[in-house]
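Undergrad: Sequence:
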Amino acid sequence: MSELQASQEKDRIQLTRALKSRHIFMLSLGGVIGTGLFMGSGVTINSGGPMGAILAYLVAGLLMYLVMVCLGELSVQMPVSGSFQAHATRFIGPATGFMIGWVYWMSWASTVGLEFTAAGMLMTRWFPDVPIWLWSGFFVIVLFSLNALATRAFGEAEYWFSGIKVAAILAFIVVGVLVIFGAIPLNDGAAAPGLHNLISDGLFPNGLSAVFAVMMTVVYAFQGCEIMGVAAGETDQPEKSIPRAVRNVVFRVLIFYVLAIAVLSCIVPWQKAGLMESPFVQVFDMVGIPYAADLMNFVILTAILSVGNSGLYASTRILWAMSKTGMAPRKLSKLSARGVPLYALLISLAFALLSLLTSIVAADTLFMVLMAVSGMSGTVTWIVIAYAQYRFRREHMAKGGTVADLKYAAPLFPLIPLACIAICCSLFVFLAMDPTQRPSLYWGFGFMAACYLAYYVLKRKRPQVVSEAALSVG
1 MSELQASQEK DRIQLTRALK SRHIFMLSLG GVIGTGLFMG SGVTINSGGP
51 MGAILAYLVA GLLMYLVMVC LGELSVQMPV SGSFQAHATR FIGPATGFMI
101 GWVYWMSWAS TVGLEFTAAG MLMTRWFPDV PIWLWSGFFV IVLFSLNALA
151 TRAFGEAEYW FSGIKVAAIL AFIVVGVLVI FGAIPLNDGA AAPGLHNLIS
201 DGLFPNGLSA VFAVMMTVVY AFQGCEIMGV AAGETDQPEK SIPRAVRNVV
251 FRVLIFYVLA IAVLSCIVPW QKAGLMESPF VQVFDMVGIP YAADLMNFVI
301 LTAILSVGNS GLYASTRILW AMSKTGMAPR KLSKLSARGV PLYALLISLA
351 FALLSLLTSI VAADTLFMVL MAVSGMSGTV TWIVIAYAQY RFRREHMAKG
401 GTVADLKYAA PLFPLIPLAC IAICCSLFVF LAMDPTQRPS LYWGFGFMAA
451 CYLAYYVLKR KRPQVVSEAA LSVG
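The UniProt record's numbering puts the first residue of the sequence shown at 1, with every later residue one more than the last.
These are computed hints drawn from the structure, not numbers from a lab.
Nothing here was measured: the structure is a model prediction, and the numbers come from that model.
There are no misleading hints in this set.
Computed list of lysine to any residue pairs in SDA-like fashion (alpha-carbon distance at most 25 Å, straight line):
no. : residue 1 : residue 2
1   : K272      : S47
2   : K272      : A168
3   : K272      : L58
4   : K407      : R244
5   : K272      : A192
6   : K272      : F256
7   : K334      : V142
8   : K461      : I92
9   : K272      : P290
10  : K272      : L195
11  : K272      : D188
12  : K461      : A95
13  : K272      : F298
14  : K399      : T96
15  : K240      : R391
16  : K272      : M39
17  : K240      : A409
18  : K334      : A350
19  : K272      : D294
20  : K407      : R252
21  : K240      : G163
22  : K331      : R460
23  : K272      : L301
24  : K272      : L55
25  : K272      : S209
26  : K331      : Y456
27  : K399      : L415
28  : K407      : L418
29  : K240      : L62
30  : K461      : G326
31  : K272      : A183
32  : K331      : Y343
33  : K461      : T96
34  : K461      : G446
35  : K272      : D201
36  : K331      : K459
Simulated restraints, written as ranges between beta carbons of each label pair:
no. : residue 1 : residue 2 : range
37  : A454      : A153      : 32 to 38 Å
38  : L453      : A171      : 46 to 52 Å
39  : D201      : D294      : 29 to 35 Å
40  : D405      : G137      : 48 to 54 Å
For every residue, glycine included, the Cβ atom is placed at its ideal position computed from N, Cα and C.
Construct the complete structure from the given sequences, taking the supplied hints into account.
TA: Printed below as a string of structure tokens:
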């Protein structure tokens, strides 16, 4: 048995493969459909203009497709917990695996902390006299319990969280189309908007440069799809469920996002979109649907809990995978009786609460650094995934393998991974051109350089331990 097969067999023994195809599909879908759509889409329309926003989401959707097919090939061939962190270690190098693992872990753990506060703030709409911190604490207990009980419990919770979001988007699209063509009248008696708001001020009213400026924000909204790979080590029949998830997620997300943005752009004038509240709430208020704000508040709460649930899962599994290879403390690899990496879960949750604290006591210093790294980590992760797939395929072919040997193969090699890397790198150019976002480049790349430095320091002190990182996955 090869070392790679031994590592995969070890995962199978230690982790419960309790996630079915429907869980993987909803997990990937839920990771993408979140507050970036429900809350951030209004700002995107306002900044980039209606057609600019649609173009930005189409480009981001294309990029997501490139990432998903690359990750799909790697995850089917090497379905280990830790996913792209293990892939990077094996096919790029242990130092890069170390870097991307810690960057991705910190990014998700920081994001989870913010979700607790956001969920607590939303609850004040219904319970204004209850302190936010009480609700935040309640949701900490809920998400911890879902992740600590069993993998199956996490999968079921995420399945229903994502289902609510999808149902809300579909309902919005149906109502919106009826409003656009006059089947449902507007409150103020105005005529049906048709396509007027979409094209009345030209294709790009704020210029094409404004579209480039919002591109990073739009791409950030699509990040989370890579959680599918993190769950590969606990997936039942990964060779079937992962390719199915890739196909379904990419095209359904594109349809949901682009149709929703198009409907929003037709109904809400782009100058007024997202300035005060969620544009989805704006549309429901414009047509006078009873309790619209409360319904959307519930949907957004569900979206936030879904992101928190997925983020806690992803950060826990990445940390657990690194602990097995000496890239994190060994004690974190211990599993509970239910097959859950409980210590890794507790550390991830503790860091999430620490990031929550820094948003209050160090908002202009440490918290800013955390958010800068989080904002860049998704794009860097996508670059690493594409490059790892490129290296894997080159190695596979050099050893005499063929595309037919692969259970799932990304098409158009090497165009797919190279295009993915090129588009992702171009996003950093757009960031550098925007003075307000430029500091995130400094902090983000600075932290990544620190991770590489930490790896080589650790390797010098513990060479026999760190070297296992490469051997255990290849």
